[in-house]
Amino acid sequence: MAVVPNTIFSPETAARFDKLASIYPVKRSALIPMLLYAQDEVGYVSDEVVAELAKRLDLLELDVRGVLSYYSMLRTKPAGKYNVQVCTNISCMLRGGFELLDHCKKTLGIGHKGVTPDGLFSLEEVECIGACCWAPAVQVNYDFHDDLTPAKMDAVLADYAAGRGKDVK
Amino acid sequence: MPDVNFIVDGQKLTAPAGTLLIDACKSAGIEIPAFCYYPGLSLQAACRMCVVRIEKAPKLATACTTTVAEGMNVTTESPEIAQARKATLQLLLGNHPLDCPVCDAGGECELQDMTFKYGAADSFYTEPKNHREEQKWSPVVYFDRPRCILCYRCVRMCGEGMDVFALGIQNRGSSSVIAPNVPSQLASLLNAGADQAQLDCEQCGMCIDACPVGALTSGTYRYKTRPWEMNHVATVCTHCGDGCKTTLGVRSVSDGSEIVRGDNRDKSGMNGDFLCNKGRYAFDFTNNIERLTSPLVRQADGKLKPVSWDEALKFTGKKLRELRDTRGPQSIGVIGSNRTTNEENYLLQKFARTVLGTNNIDHHRTADFVTLANALQGTTGRFASQRNVENAQALLVIGGDPTNQAPLTAWNLRTNVRLNKARLYIANHEEIKLRRQAKDFIQVQQFGYGSLASYLAGNNAAAEGASIVAQADQLSNFRTAIQAEEKLIVLIGNEVRGGELANLIKALPNARFALMADYVNSRGASDMGLLPDALPGYQPLSGSALANEYTAPTAPGLDLLAMFDAATRGDLSALYVVGSNPIKRFGIDPFALKDTFFIVQDLFLTETAQIADVVFPAANLYEKAGSVTNSYGDLQLVSKAADKAGTRSDFELIVRLADHMGHDIKTLVPFGKGLRADMGQSRGAQSGEADRHAVWLMANNMEPKLSPFDPFAILDEIQRVVPGYDKLLRLQLLSGNDQHIAPASTGLVQIENRKDLVLPSSDTLFTSGSLTRYSPMLQDVQRHQETEVADHLAAD
Ligand code: SF4
Ligand code: SF4
Ligand code: SF4
Ligand code: FES
Ligand code: FES
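These protein sequence lines map, in sequence, to chains A and B. Residues in the first sequence are numbered consecutively from 16, following the numbering used here. Residues in the second sequence are numbered consecutively from 96, following the numbering used here.
Read the hints as simulated data drawn from the structure, not as lab findings. The model shown is predicted, which means the values in this text are computed figures rather than measured ones. Heads up, the beta-carbon is just placed ideally off N, CA and C, and yes, glycines get one too. Treat the hints with caution; some may be incorrect.
Said to hold, decoys possible - Here are the simulated DMTMM-like cross-link-like pairs (lysine to aspartate or glutamate), alpha carbons at most 20 Å apart as the crow flies:
| hint | chain 1 | residue 1 | chain 2 | residue 2 |
| --- | --- | --- | --- | --- |
| 1 | A | Lys121 | A | Asp169 |
| 2 | B | Lys362 | B | Asp118 |
| 3 | A | Lys120 | A | Asp161 |
| 4 | A | Lys128 | A | Glu114 |
| 5 | B | Lys534 | B | Glu580 |
| 6 | B | Lys528 | A | Asp73 |
| 7 | A | Lys70 | B | Asp258 |
| 8 | A | Lys92 | B | Asp290 |
| 9 | A | Lys92 | A | Asp62 |
What the hints assert, rightly or not - Here are the simulated distance ranges between beta carbons:
| hint | chain 1 | residue 1 | chain 2 | residue 2 | range |
| --- | --- | --- | --- | --- | --- |
| 10 | A | Gly126 | B | Ala216 | 32 to 42 Å |
| 11 | B | Arg321 | A | Gly126 | 40 to 50 Å |
| 12 | A | Asp73 | B | Gln488 | 24 to 34 Å |
| 13 | A | Pro40 | B | Pro153 | 28 to 38 Å |
| 14 | B | Gln280 | A | Lys120 | 24 to 34 Å |
| 15 | B | Gly166 | A | Phe113 | 51 to 61 Å |
Claimed, not checked - Chain B side only, calculated, beta carbon under 7 Å to chain A, not exhaustive:
| hint | residue |
| --- | --- |
| 16 | Phe260 |
| 17 | Gly263 |
| 18 | Ile264 |
| 19 | Gln265 |
| 20 | Asn266 |
| 21 | Arg267 |
| 22 | Asn276 |
Let the hints inform the model, and build the full structure from the sequences given.
Pasting the structure below:
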C-alpha cells in the first residue's frame with residue numbers, strides 16, 4: 016500500500032486513509048469518504064489535499080477535481096468556523112425556509128457561500144437535509160437545529176457566537 | 096458470432112449478434128443521428144438523439160447502446176421519434192449561443208445539421224443563457240463552453256484513444272463543463288499572466304476533431320475561413336515515417352494557395368481519423384515568410400544574390416558539366432532527401448548515375464533498410480505493413496518509442512489492444528509509455544539489443560547482457576511467450592541495426608518485420624537507391640539488368656560522410672544536395688566545402704543552404720504529386736495541395752539541371768511515349784480519349800506524360816525496373832489506397848562489413864527535423880509544454 020511520506024494529514028487521518036484505500040474492491044471507491052474526512056480536518060479541499068488523495072488512490076488530479084466539483088458539500092475555499100446551512104427545499108420552503116435564509120443573510124451580513132469577516136460564520140443555502148418532519152431546519156457544521164423561527168435562529172447564532180454551541184465536526 | 100435477423104423500417108436485415116443497432120443500421124445505409132456515440136470509443140448514452148422505437152418495448156430506446164436481437168422490429172423515423180429528437184435539440188439549444196455565423200464548425204456542424212433536419216427553431220426556454228468566456232488551453236486547443244453539448248466525445252477520445260486523459264468533466268447537470276488537466280489556479284502559478292486553465296497533453300487535436308460542434312477549436316484554423324471556401328486535397332503527411340493520410344484544406348492567396356487545415360475526417364487510409372500534432376497542424380512551415388522564392392547564386396563579393404531562373408540554371412548546368420568533364424564524375428557527390436517523392440528520389444539517383452556518371456549518392460539514413468532487405472532474402476510474406484499493426488493478434492516492439500517517434504504506430508497498437516485484445520510485448524531500454532498497453536514488458540540493457548537477439552535465439556548466456564529485469568524467470572517467460580506466438584509482427588526501432596538487426600531477424604524465423612524510420616519517405620529513399628552501394632530495389636551495382644541499362648560505374652561510390660572527407664581533402668569538385676541539411680544533422684564543419692562547387696535545393700536557407708554557391712527554392716511535399724513509401728513499405732499517392740509562386744518541384748529542378756548540362760532528357764525521363772501531343776485539336780476516337788485522360792489528369796493535379804516533368808513517367812520506369820514496385824497497382828494508387836511493397840526476395844546486393852551510417856533523428860511529438868524551426872505552431876507548442884507540469888507523459 017502506498018503510504019504517503021510527508022503526508023499533510025494528522026497521523027490519525029493518515030492511518031485512516033491508509034486503511035480506507037485497502038478495503039474497497041476498487042481503490043478509487045475510497046475517494047468520496049476521503050474527501051469528506053480531509054475537508055473536516057483541513058477545513059476545505061485544498062490543492063494539496065487534491066494532490067495527496069490522487070497519489071494515494073493512483074488517480075489523476077483531474078479525476079479528483081471531477082468528483083470534488085460534482086458534490087456541493089465539498090468546498091475548495093475555507094468556510095467559517097460555524098458553517099450555517101439553511102434548507103430551502105420543499106418542506107422547509109413551505110414552513111418559512113426562505114424567511115430564515117433571508118434573516119440569516121441580514122443578521123450575518125453575508126450571502127450564499129459567504130464568510131463573515133471574523134471567520135466565525137459562513138452561510139449556505141442547501142437542499143433537503145433530511146429533517147423535513149421538523150421543518151424548517153438548519154444544519155450548523157454537523158449539528159441540526161429544527162422547527163426554527165427567525166427569533167429561535169437568533170438564539171442559535173448567539174449561542175455559537177458566545178462559544179456555547181456544539182462544535183461538531 | 097452467429098447472425099441474427101431483424102427488421103428496420105420494414106427492411107429485413109442480418110448482422111452478427113452483439114452488433115450495436117446503430118452500427119447495423121449504418122451498414123445497411125440507414126443513418127441514425129447521434130451526438131455522443133463515436134465509433135471505437137466506449138458507449139456514453141448521454142444525448143438521446145439516437146432514440147428509435149423497438150416493437151414491444153415500452154419506451155423509445157437508444158440505438159447506440161442496444162444490440163441487435165433475433166426478430167427485433169425497429170422504426171428509426173416516425174413523428175413520435177422526430178418529436179423526441181426535436182425536444183432534445185430544444186434542450187440543447189436552450190443554452191446554446193447560436194453563433195453559427197462566426198463558429199468554425201458552421202457548415203459542418205452536427206448540431207446545425209440536426210436542427211435543420213428536425214426543425215427545432217423555436218424555443219420555449221426563457222431562462223438566461225449560461226455564458227462563459229472562451230478559453231485558450233494551449234496554442235492548439237481553444238474551448239468555447241457555451242457551444243458544448245456535453246457529449247463527452249472529447250473526454251473519451253483523449254483518455255481511451257490517446258491514453259492521455261487530459262480532459263475531464265467538472266460540476267454537474269447543466270452546469271457541467273469540460274475541464275483540462277491543469278486547473279486555473281495551478282496554471283497561474285506556473286505561467287504568470289495566464290489565468291486560464293491549461294492543457295498539458297500531446298496536443299494532437301483529436302478532441303477537436305471528434306467534437307460534433309464548434310466547442311473545441313484549433314489555434315491554427317479558428318476564425319480563418321469557412322469550410323465551403325476551401326478546396327480539399329487528400330495527400331500524405333510529410334513528417335514521420337508512419338504514412339498518415341491527411342486531407343488538406345487549401346484556399347487561394349496572392350502567391351498561390353495556402354494550407355489552412357489538416358484532418359482525416361473521411362477516415363481513409365491506415366490512420367482512420369487519427370493524426371498527431373504534426374500531421375494536423377505542422378503544415379504551417381509551408382506558409383512561412385522565410386520560404387525561398389527565387390534562385391540564389393553566390394557572387395564575387397561572397398554574397399548570395401537572387402537571380403533569374405534562367406541565369407541560375409544556365410550557370411549551374413554549365414559549371415557542373417565542366418567539373419564532370421575536367422575533374423571526372425567521381426569528384427562529384429549527390430545527397431538526397433527523406434521527404435521527396437519516390438519519383439524524385441529515383442530520378443535523382445538516375446541523374447547521379449547516368450548524367451553525372453557516379454555512384455557517389457547517399458541520404459541521411461534513419462533506419463537500416465538494407466540489412467532488413469538482406470536478412471529477409473529468399474523469403475516471402477515476412478515484411479509487415481502498417482495494416483498489420485491495426486489488426487494482428489500478437490505484436491512485439493523492440494527498441495524505439497512509437498508514442499513519440501511514430502505516433503500512428505502507437506495509436507494503432509493502442510487501438511488494437513483496446514478493441515481486439517491484441518497481445519503486445521515490449522522490449523526496450525527505456526520504460527516507454529506504451530508498456531501500459533503491453534501484456535509483457537522487459538527492460539533491455541542500454542546497448543543490450545545484440546544480447547537480446549542472441550538470447551531470443553536460444554543463447555541463455557546472453558541473458559545478463561540483454562536485460563536488467565530482476566526476477567530470474569521474467570526474461571525466460573518473455574521468450575517463451577514470444578516463441579509461442581505463431582503469427583508475430585515485430586516492430587524494430589532504429590537503434591537496432593547492422594549485425595544486431597540481422598541476428599534478431601534470424602532469431603524469430605516466423606515473424607513479420609518492420610523498421611521504424613523517421614521521415615515520410617525514409618523507406619522510399621532507401622528503396623529508390625539513394626545509396627552508394629546499391630541500385631534501386633537493393634540491386635547490385637553490377638550484373639543486374641538495371642546496372643546494364645545504366646552503364647554506371649560498378650564500384651561503390653562515396654557515402655555521405657566520405658563525401659565530406661573527400662571535400663576536406665580537396666577531392667570533391669561539386670556537391671548537389673536535395674532537401675537535406677547534412678551540415679546541421681551530421682555536425683559537418685562548413686569549411687570542408689570551401690573548394691567544392693555546392694548546389695542546394697531546399698525550402699529555406701538552412702545551415703546547409705547558407706554556405707551553398709547556388710540555392711534553388713524547392714516545393715515541399717504538400718506542393719507536388721507523386722508517391723511515397725512509409726517505414727513499413729506501404730506505398731501511397733501524394734497529391735498537390737498548396738502552391739507557392741517562385742518555387743519548383745525537386746523533380747522539375749533535376750530535369751532542368753540535366754537539360755542545362757546538355758543531357759538528352761528523353762533518356763532521363765521516358766515521357767511523351769504512347770500519347771500524341773494533340774490536346775484535343777484533332778478528331779477521332781483515340782485522340783478524344785487521350786483528351787479526356789488529359790483533362791482528368793489535370794483535374795487531379797497530375798500532368799499528362801507529355802511533359803518531362805511528369806512524375807508518372809518515372810513511376811512507369813520504377814515499375815519496370817525496381818523489383819517489388821513492379822507489382823504495384825495503378826488503380827489502387829490513384830484511388831488513394833495504400834499497398835504494401837516488399838523488396839524482391841532474391842538477387843539483392845550483398846555487402847560485408849557495412850559501415851553503420853544510420854543516424855536516428857530522435858524527433859519527438861513536437862519536432863520534425865529541420866522543419867521544426869520553421870513551424871510557428873511547433874515553436875509555440877514547445878514553449879507551452881516547457882511551462883507545464885507534464886505528468887501525462889510520465890508513463891504511469
Ligand atoms: S489535444 Fe489530444 S492529447 Fe490534448 S486534450 Fe485533446 S485529445 Fe487529449
Ligand atoms: S467539447 Fe465538444 S466533444 Fe467535448 S463534450 Fe463538448 S461538444 Fe462534446
Ligand atoms: S503519426 Fe506521423 S505520419 Fe501520422 S500525422 Fe503524425 S507525423 Fe504525420
Ligand atoms: S426539505 Fe428541508 S429538511 Fe427536507
Ligand atoms: S448517440 Fe445514443 S444516446 Fe447519444
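Outcome of the hint check:
no.: 1; hint: Lys121/A to Asp169/A; verdict: 11 Å, holds
no.: 2; hint: Lys362/B to Asp118/B; verdict: 16 Å, holds
no.: 3; hint: Lys120/A to Asp161/A; verdict: 18 Å, holds
no.: 4; hint: Lys128/A to Glu114/A; verdict: 17 Å, holds
no.: 5; hint: Lys534/B to Glu580/B; verdict: 13 Å, holds
no.: 6; hint: Lys528/B to Asp73/A; verdict: 16 Å, holds
no.: 7; hint: Lys70/A to Asp258/B; verdict: 19 Å, holds
no.: 8; hint: Lys92/A to Asp290/B; verdict: 18 Å, holds
no.: 9; hint: Lys92/A to Asp62/A; verdict: 10 Å, holds
no.: 10; hint: Gly126/A to Ala216/B: 32 to 42 Å; verdict: 39 Å, holds
no.: 11; hint: Arg321/B to Gly126/A: 40 to 50 Å; verdict: 45 Å, holds
no.: 12; hint: Asp73/A to Gln488/B: 24 to 34 Å; verdict: 30 Å, holds
no.: 13; hint: Pro40/A to Pro153/B: 28 to 38 Å; verdict: 34 Å, holds
no.: 14; hint: Gln280/B to Lys120/A: 24 to 34 Å; verdict: 28 Å, holds
no.: 15; hint: Gly166/B to Phe113/A: 51 to 61 Å; verdict: 56 Å, holds
no.: 16; hint: Phe260; verdict: 6 Å, holds
no.: 17; hint: Gly263; verdict: 4 Å, holds
no.: 18; hint: Ile264; verdict: 6 Å, holds
no.: 19; hint: Gln265; verdict: 4 Å, holds
no.: 20; hint: Asn266; verdict: 5 Å, holds
no.: 21; hint: Arg267; verdict: 5 Å, holds
no.: 22; hint: Asn276; verdict: 5 Å, holds
In summary, this structure violates none of the numbered hints.
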